[in-house]
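Participant: Listed below, chain by chain, are the residues.
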Amino acid sequence: MNSSSNLINALFIFVLAGFIGFEVIRRVSPLLHTPLMSLTNALDAIAVVGAILLVGEHKSTLSTVFGFIAVVAATSNIVGGFLITDRMLKMFKSSRPAAAPAAKSVGK
Amino acid sequence: MTTDLAGGQVIIELLYLIASVLFILSLKWMSSPTTARHGIWAGEIGMLLAICGTLLHHGIVDYKLIFIALVLGTIIGVPLGEVAMTAVPQRTALSHAFGALCVTLVGSAEFYLRSPDISRFMMAVLSLEVILGGLTVTGSLMAAGKLQEILPQRPLTYKGQNLVNFVLLAGALAIAVTLVLHPESRTLFPLMILIALAFGVLLIIPIGGADMPTVISLLNGYAGLSAAAMGFVLDSKLLIIAGALDGSSGLILSIIMSKAMNRSFTNVLFGAFGQVQAASAAGEEARPVRSATPEEAAAILSGANRVIVVPGYGMAVAQAQHKVRELYDALTKRGVDVRFAIHPVAGRMPGHMNVLLAEADIPYDRLIEMEEINGDFPQTDVALVIGANDVTNPAARSDASSPIYGMPILDVDKAHTVMVIKRSMNPGFAGIDNPLYYLDNTLMLFGDAKAFVGSIVREVTGGHS
Numbered sequence: 001m002n003s004s005s006n007l008i009n010a011l012f013i014f015v016l017a018g019f020i021g022f023e024v025i026r027r028v029s030p031l032l033h034t035p036l037m038s039l040t041n042a043l044d045a046i047a048v049v050g051a052i053l054l055v056g057e058h059k060s061t062l063s064t065v066f067g068f069i070a071v072v073a074a075t076s077n078i079v080g081g082f083l084i085t086d087r088m089l090k091m092f093k094s095s096r097p098a099a100a101p102a103a104k105s106v107g108k
Numbered sequence: 001m002t003t004d005l006a007g008g009q010v011i012i013e014l015l016y017l018i019a020s021v022l023f024i025l026s027l028k029w030m031s032s033p034t035t036a037r038h039g040i041w042a043g044e045i046g047m048l049l050a051i052c053g054t055l056l057h058h059g060i061v062d063y064k065l066i067f068i069a070l071v072l073g074t075i076i077g078v079p080l081g082e083v084a085m086t087a088v089p090q091r092t093a094l095s096h097a098f099g100a101l102c103v104t105l106v107g108s109a110e111f112y113l114r115s116p117d118i119s120r121f122m123m124a125v126l127s128l129e130v131i132l133g134g135l136t137v138t139g140s141l142m143a144a145g146k147l148q149e150i151l152p153q154r155p156l157t158y159k160g161q162n163l164v165n166f167v168l169l170a171g172a173l174a175i176a177v178t179l180v181l182h183p184e185s186r187t188l189f190p191l192m193i194l195i196a197l198a199f200g201v202l203l204i205i206p207i208g209g210a211d212m213p214t215v216i217s218l219l220n221g222y223a224g225l226s227a228a229a230m231g232f233v234l235d236s237k238l239l240i241i242a243g244a245l246d247g248s249s250g251l252i253l254s255i256i257m258s259k260a261m262n263r264s265f266t267n268v269l270f271g272a273f274g275q276v277q278a279a280s281a282a283g284e285e286a287r288p289v290r291s292a293t294p295e296e297a298a299a300i301l302s303g304a305n306r307v308i309v310v311p312g313y314g315m316a317v318a319q320a321q322h323k324v325r326e327l328y329d330a331l332t333k334r335g336v337d338v339r340f341a342i343h344p345v346a347g348r349m350p351g352h353m354n355v356l357l358a359e360a361d362i363p364y365d366r367l368i369e370m371e372e373i374n375g376d377f378p379q380t381d382v383a384l385v386i387g388a389n390d391v392t393n394p395a396a397r398s399d400a401s402s403p404i405y406g407m408p409i410l411d412v413d414k415a416h417t418v419m420v421i422k423r424s425m426n427p428g429f430a431g432i433d434n435p436l437y438y439l440d441n442t443l444m445l446f447g448d449a450k451a452f453v454g455s456i457v458r459e460v461t462g463g464h465s
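Protein chains in written order, with my numbering: chain W, 1 to 108; chain Y, 1 to 465.
These are computed hints drawn from the structure, not numbers from a lab.
Small disclaimer: the values here were computed from a predicted structure and weren't measured.
Certain hints may be false.
[Claimed, not checked] Label pairs and their calculated CB-CB ranges:
{"no.": "1", "chain 1": "W", "residue 1": "59", "chain 2": "Y", "residue 2": "322", "range": "16 to 26 Å"}
{"no.": "2", "chain 1": "Y", "residue 1": "151", "chain 2": "W", "residue 2": "60", "range": "18 to 28 Å"}
{"no.": "3", "chain 1": "W", "residue 1": "61", "chain 2": "Y", "residue 2": "201", "range": "24 to 34 Å"}
{"no.": "4", "chain 1": "Y", "residue 1": "188", "chain 2": "W", "residue 2": "4", "range": "21 to 31 Å"}
{"no.": "5", "chain 1": "W", "residue 1": "60", "chain 2": "Y", "residue 2": "148", "range": "12 to 22 Å"}
For every residue, glycine included, the Cβ atom is placed at its ideal position computed from N, Cα and C.
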């Protein structure tokens, strides 16, 4: 970031995204708070993009090593986070018959 | 990071924009179980687009290493996605640690690449990123250790604890300020990270098992904020947005959790809870309680019109949730209206109890939140408490001297009959005696939750199950 206008832009984005997050997450049913947390965890691992650049640009040994570990850590969050969120959401079934098709796909 | 965008760069930024929109939709669809799975797909597509976009970056010279790292991460991630539902809280804590580790490492690498050519603002954000990231790494590992019961769950306190923590935090901030003024002081940087790591450990040591839902949420918030800070450092709008979303999610959940326990943030973080009261309760033993056999309990339940089951984490520890579902099926078949009352801190993390019951195939529209169901207890024939204690303690309403006074509870004592399945009369997690057990309308069902519910089911179904 080389100029103060970039900084102001970033602040705008941060504040507005915070508001959106607040409004969207307030509406999440408490029923789903655990899957919500594992989902946000997976989404937060988007930090992997910064780590990928560090590894790929190969600017110094230190940055490559740190980047490598960072990519591994973030990727495991992405994969594990989406997997477990999906497993959890599959388990939520309604007692109303309308939900029957969803229930069928669960069979273990 | 470039000021004027080349053609390829525009495509990358557009992919990031689409990913941002998909992330927001992903969370929006989590509002209801009927749309929630669309949310995962949106999140996955967004993630895929963002990673592909990043790989298009012209600065990348080495793809082999990236792919090795991605494959390694996947190998570690798959088993983390397949843990048992009871282990989800420690898995979540562990993934907060991983996320924060990524952020801290990237922040550190950026510092050494850029120092001493770092603007004051950038250095301040970078310090925030690695301090928050560092304390989240060790704090989350500690929380995961406590939840996995590798570490003692009892809060550990010592004299001057808050002072030590405060001094550490002040030390880290002082180094941060020094670095802002003198970004060339490369040797100070690792010291700042070490202090943040130590602070994370000490922050969680005094926190007891009962406060874990709040702590996990708070660490979630920290992880999000540190990722947003990383977005500022890398000038990545996508990362700022994802971090802000995650941060606000963690913050909202911590507020909900600390309200559910009637505690303030500072109280959770700086006050160990509940080990003193265990002793004071011992004075007044030998009060009479009424107990009942599985046969008697089954007869009362079969004759009821409305039953509310109040599950607590003890139910999951005893692995009784599948027997509870059999009881739900048997009673429903007899025309009894059975619902489940879910206290916000019934499990080990926000919403955990819902997941455990959903896993046992209990329909989610039978799981009712505390505020919604509390008014129904007076019209309820039987409230069946399984493995829950403090969240049913009427002292929270009436006894101003109780350590949990003011905490919102499930008003089970207002039901016509209360049945409590419990191993013995030992006080619960917080070590507080529960007057509910001595009420005239309370029947204690002593035994292992799984075995006891199993016996009730056999009685209700008439011996053949």
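Participant: State for each hint whether it applies.
Facilitator: Results of checking the hints against the structure:
no.	hint	result
1	W:59 - Y:322: 16 to 26 Å	violated, 54 Å
2	Y:151 - W:60: 18 to 28 Å	violated, 36 Å
3	W:61 - Y:201: 24 to 34 Å	holds, 29 Å
4	Y:188 - W:4: 21 to 31 Å	holds, 26 Å
5	W:60 - Y:148: 12 to 22 Å	violated, 37 Å
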